[in-house]
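Engineer: Residue strings, one per chain:
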Amino acid sequence: MLAKRLIPCLDVADGRVKKGVNFVNLTDVGDPVEIAAAYQQQGADELVFLDISATNEQRRTMADLVEEVSAQVFMPLTIGGGISRVDDMQRILKAGADKVAINSAAVANPALIKAGAEKFGNQCIVVAIDAAWDEAAQMYRVYTHGGKKATDLDALDWAQQAVALGAGELLVTSMDRDGTKAGFDLNLYQALGEVVAVPLIASGGAGNLADFVEVFDQAPVDGALAASVFHYGELTISQVKQALAAKGVIVR
Amino acid sequence: MFAIVDYDTGNTRNLKKAFDYLDVATVLTADPAELAAADAVILPGVGAFAAAMAALNERQLVPVVQRLARDGKPMLGICLGMQLLFKSSNEYGDHVGLGLLKGRVTALPADLGVKVPQMGWNQNVLQQPASAFKAIDQNYTYFVHSYYAVCPTDEIVATVQHGVTVPSIVQRDNVVGMQFHPEKSGQVGLQQLATFKDMVSANDFSSN
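Sequences listed follow chains A and B, in order.
When you line the first sequence up against full-length UniProt numbering, it's residues 1 to 252, in that order.
When you line the second sequence up against full-length UniProt numbering, it's residues 1 to 208, in that order.
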């Protein structure tokens, strides 16, 4: 049986990990190799690096980062942020990434999903979706550009379209829960599980051990992504895995 | 020196990095002389079976690899590279493989309540207690694949469950295959590559 995955997410700018990664026993909290190695040691199943660099030129350093991390850390790496062309995907995958995550660029140009899947295989293409419940429209509305720009897309429709185009995995962030530590948005993942069959990664809202147990217990997700609870050492990966195992969730 | 067969198959760099990490020198090559001179031949692979065999054929490497394996050269196929070691595959039509292992490659059934491709960490169960790879027992490794090997039990060193029983390590004498990605499976993965390295150094492939 496949293990459920725990996935720390790291923000990167100019080849350095930014904002608040604050483990103990790290001499340099901005060094991606050191942070990735620490997470590997803790038992993380996969790492997501999100490029938050402002300009195109700086994105080259993302390939350098992947190159360095993959020489020392032997686990699946997903890279997102600023990938808008097949060439960008190629550069990142060649540097050692296993998957690329596309979000705004996929909404702007859905053909990018298909082009990437045809060239590199569906398993390489993660479509990241940022969604928030719209009470008036009675749907989960898709947002792009880091949640700043509302689209007309219903997240359930967009998820199905992305999978039809070749997305091998969906990384879905609940903007309603993101940063709240109020738990994952179970309704969102239950609804998505009804309409797509590819691996589904939940993101947004993780605050305590019970939140992780709940999302794996009650929603058809394959992995859970979190940032701050892991970065600040509020929870360790192994604590979460122990809590999951105690409830019968299969973890590595 | 290990030779990684260069036939345009996606990500050989991560494999090279894992061997670098283990202090094993590697060369990426399609040159028959370099393959023959190497201590071991590594057959990587990402993508589709037919395209990979076509790429090997284009470089006239099929008879080269077959002869080296039959002459006792240690060989390690990884992921699709493992699948190529078998007689045939029915991935998008019927295709002939290298035929170094008995058995064939077929699609993971998608109707058994599991997702296909198998993508993620799965738990290995050792099937041959005396194997050099015995440390893999109960440990998780990272898989990404939609096809799997159906082969005789005496070739199966370890398995995982994904709807069906999937061989995760196979071996016949000097020819070893790993369905998972050892270069992406953390310490456990590195340990399997180190075991292969030790088998090559000791020239001992008797314990499968």
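In case anyone wonders, no lab produced these hints; they're calculated from the structure.
Among the hints, erroneous ones may be present.
[Stated by the list, open to error] Computed beta-carbon distance windows for the label pairs:
id : chain 1 : residue 1 : chain 2 : residue 2 : range
1  : A       : A150      : B       : D8        : 51 to 57 angstroms
2  : A       : R16       : B       : M1        : 32 to 38 angstroms
3  : A       : Q90       : B       : G93       : 40 to 46 angstroms
4  : A       : Q190      : B       : P32       : 32 to 38 angstroms
5  : A       : R16       : B       : V96       : 45 to 51 angstroms
6  : B       : L22       : A       : A108      : 38 to 44 angstroms
7  : A       : A245      : B       : P129      : 37 to 43 angstroms
8  : B       : A135      : A       : A150      : 38 to 44 angstroms
9  : A       : A182      : B       : P152      : 28 to 34 angstroms
10 : B       : L28       : A       : A111      : 29 to 35 angstroms
11 : B       : P109      : A       : E214      : 26 to 32 angstroms
12 : A       : Q161      : B       : A36       : 31 to 37 angstroms
13 : A       : D14       : B       : A36       : 16 to 22 angstroms
The beta carbon of each residue, even a glycine, is placed where N, CA and C say it ideally should be.
Engineer: Does the hinted range 16 to 22 angstroms hold for A:D14 and B:A36 at CB?
Structural biologist: Violated, since A:D14 and B:A36 (Cβ atoms, about 46 angstroms apart) do not stay within the stated range.
Engineer: State, for the Cβ atoms of B:L22 and A:A108, whether the hinted interval 38 to 44 angstroms holds or is violated.
Structural biologist: holds (43 angstroms)
Engineer: Between A:R16 and B:M1, is the Cβ distance one that fits in 32 to 38 angstroms?
Structural biologist: holds (36 angstroms)
Engineer: A:A150 and B:D8, beta-carbon distance inside 51 to 57 angstroms?
Structural biologist: violated (43 angstroms)
Engineer: Cβ-Cβ distance between A:Q90 and B:G93: within 40 to 46 angstroms?
Structural biologist: violated (27 angstroms)
Engineer: For the hint 45 to 51 angstroms, verify it against the beta carbon of A:R16 and that of B:V96.
Structural biologist: holds (50 angstroms)
Engineer: Kindly confirm whether 37 to 43 angstroms is satisfied by the beta carbon distance between A:A245 and B:P129.
Structural biologist: Hint violated: Cβ distance 26 angstroms, outside 37 to 43 angstroms.
Engineer: Take a look at whether the Cβ-Cβ distance between B:L28 and A:A111 falls inside 29 to 35 angstroms.
Structural biologist: holds (33 angstroms)
Engineer: Within 26 to 32 angstroms or not, the Cβ separation of B:P109 and A:E214?
Structural biologist: Taking Cβ atoms as reference, B:P109 and A:E214 lie about 31 angstroms apart, which means the hint holds.
Engineer: For the range 32 to 38 angstroms, tell me whether the beta carbons of A:Q190 and B:P32 fit it or not.
Structural biologist: violated (56 angstroms)
Engineer: Mind checking the hinted window 38 to 44 angstroms against the Cβ distance between B:A135 and A:A150?
Structural biologist: Given about 52 angstroms between the Cβ atoms, the range is violated.
Engineer: The hint says 31 to 37 angstroms between A:Q161 and B:A36; measuring C-beta to C-beta, is that right?
Structural biologist: violated (51 angstroms)
Violated hints for the displayed structure, listed by number in ascending order: 1, 3, 4, 7, 8, 9, 12, 13.
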